[in-house]
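1 is the number of the first residue of the sequence shown in the working numbering; add one for each residue after it.
To be clear, the hints were calculated from the coordinates, so they are not data collected in a lab. Just so you know, even glycine gets a beta-carbon here, dropped at the ideal spot from N, CA and C.
With a cut-off of at most 20 Å between alpha-carbon atoms, the simulated PhoX-like pairs for lysine-lysine come out as follows:
(1) K2 <-> K303
(2) K98 <-> K310
(3) K285 <-> K98
Here are the simulated distance ranges between beta carbons:
(4) E41 <-> T262: 36 to 42 Å
(5) M1 <-> G89: 14 to 20 Å
(6) L281 <-> E115: 30 to 36 Å
(7) N257 <-> S116: 42 to 48 Å
(8) G223 <-> P131: 24 to 30 Å
(9) S116 <-> A200: 39 to 45 Å
(10) S132 <-> G329: 32 to 38 Å
(11) G189 <-> D274: 31 to 37 Å
(12) G223 <-> E269: 50 to 56 Å
(13) E115 <-> A200: 39 to 45 Å
(14) G208 <-> G286: 34 to 40 Å
(15) V57 <-> R330: 45 to 51 Å
(16) H190 <-> F247: 19 to 25 Å
(17) M1 <-> G208: 46 to 52 Å
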Amino acid sequence: MKEPLRVAVLGAGRIGKMHAEHIVHHVPRARLVSVVDLQEELAQDCAAECGIDDYGVSVSSILDRSDVDAVAICTSSTTHTEIIEAAAGAGKHIFCEKPIDLTLERIDSALEAVESAGVLLQVGFQKRFDPSYQRIRRAIDDGEIGTPYSVHIASRDPAPPPIEFLRTSGGLFLDMTIHDFDMSCFLMGHDVLTVYAAAAVRVDPAIGAIGDVDTATIVLQYGDGTLLTIENGRSSAFGYDQRVEVFGSKGSIRVDNAYPTTATLSTEESVRRDVPYHFFLDRYKGAYIEELRAFTEAVLDGKPSPLSGKEARMPVVIGLAAKLSLKAGRPVEIAEIASTT
Numbered sequence: 001m002k003e004p005l006r007v008a009v010l011g012a013g014r015i016g017k018m019h020a021e022h023i024v025h026h027v028p029r030a031r032l033v034s035v036v037d038l039q040e041e042l043a044q045d046c047a048a049e050c051g052i053d054d055y056g057v058s059v060s061s062i063l064d065r066s067d068v069d070a071v072a073i074c075t076s077s078t079t080h081t082e083i084i085e086a087a088a089g090a091g092k093h094i095f096c097e098k099p100i101d102l103t104l105e106r107i108d109s110a111l112e113a114v115e116s117a118g119v120l121l122q123v124g125f126q127k128r129f130d131p132s133y134q135r136i137r138r139a140i141d142d143g144e145i146g147t148p149y150s151v152h153i154a155s156r157d158p159a160p161p162p163i164e165f166l167r168t169s170g171g172l173f174l175d176m177t178i179h180d181f182d183m184s185c186f187l188m189g190h191d192v193l194t195v196y197a198a199a200a201v202r203v204d205p206a207i208g209a210i211g212d213v214d215t216a217t218i219v220l221q222y223g224d225g226t227l228l229t230i231e232n233g234r235s236s237a238f239g240y241d242q243r244v245e246v247f248g249s250k251g252s253i254r255v256d257n258a259y260p261t262t263a264t265l266s267t268e269e270s271v272r273r274d275v276p277y278h279f280f281l282d283r284y285k286g287a288y289i290e291e292l293r294a295f296t297e298a299v300l301d302g303k304p305s306p307l308s309g310k311e312a313r314m315p316v317v318i319g320l321a322a323k324l325s326l327k328a329g330r331p332v333e334i335a336e337i338a339s340t341t
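Please build the complete structure, drawing on both the sequences and the hints.
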């Protein structure tokens, strides 16, 4: 395929606008050709800010265009599989924000369409492209810390999203924790045997009123006995809390929170530094750029997807197991979820 990769962004909300800007300013092998959103004003504003005139409200019209090689799906989660199947049928390569869908049946249908069409699909779990987490992965793969015994992931947002968003998000496990489930797969593989989740409503009673939770601890046990714990929360007073530690037979490796500056202020009263980044778009800006560069490179150079649909299916499986565990009050075997599909 000739350069540049011609991309249309579908969905001009917060994530779509960010991806459009990154394509324009940070992905030299790609070119933004159009922005689409059901709210025409959003599409028009995003296109104008990115320096292009082409925008619209119709996904189907974009898929009919010969000057579009790929689409970036940044619409609501409930629309992802429908658009994936239509884009695959039109021969467009696909970058899709997480999750592919909230049900395995719909995910499998979409993946079949992608395979039949022979197009490339990459799913947007951006944390895999963060250099610090890639360093942890290398330490595990190269045996620097020996045999991993346990892994701990802490992930807390500074504040919960709007209730209206949470009503259709799939809940804490399929909206927020799904990133940590993917990180568990990235670091430790897919050999999860059991999932146990405990959760409560500690941040906002309104979250409980819609049947969701806002504070959770999840334990994954792997086939070799490795234990992985995840702590989640919808609120963190000091900012965006993102930490990972792997403990092994020869040592450990950890990633702490990222900060806007490295400055430390020392006086006779105290030693202080900035609080961590407050927003995920700031903390993971570089990772978001790298995932789009990787997608573009894979399509143009004929490489495998950097994060395939099959890989992106497993975090949903773990999330569904966590939801069942919380409801049933017991550990859930991954095979239980697989047997229901």
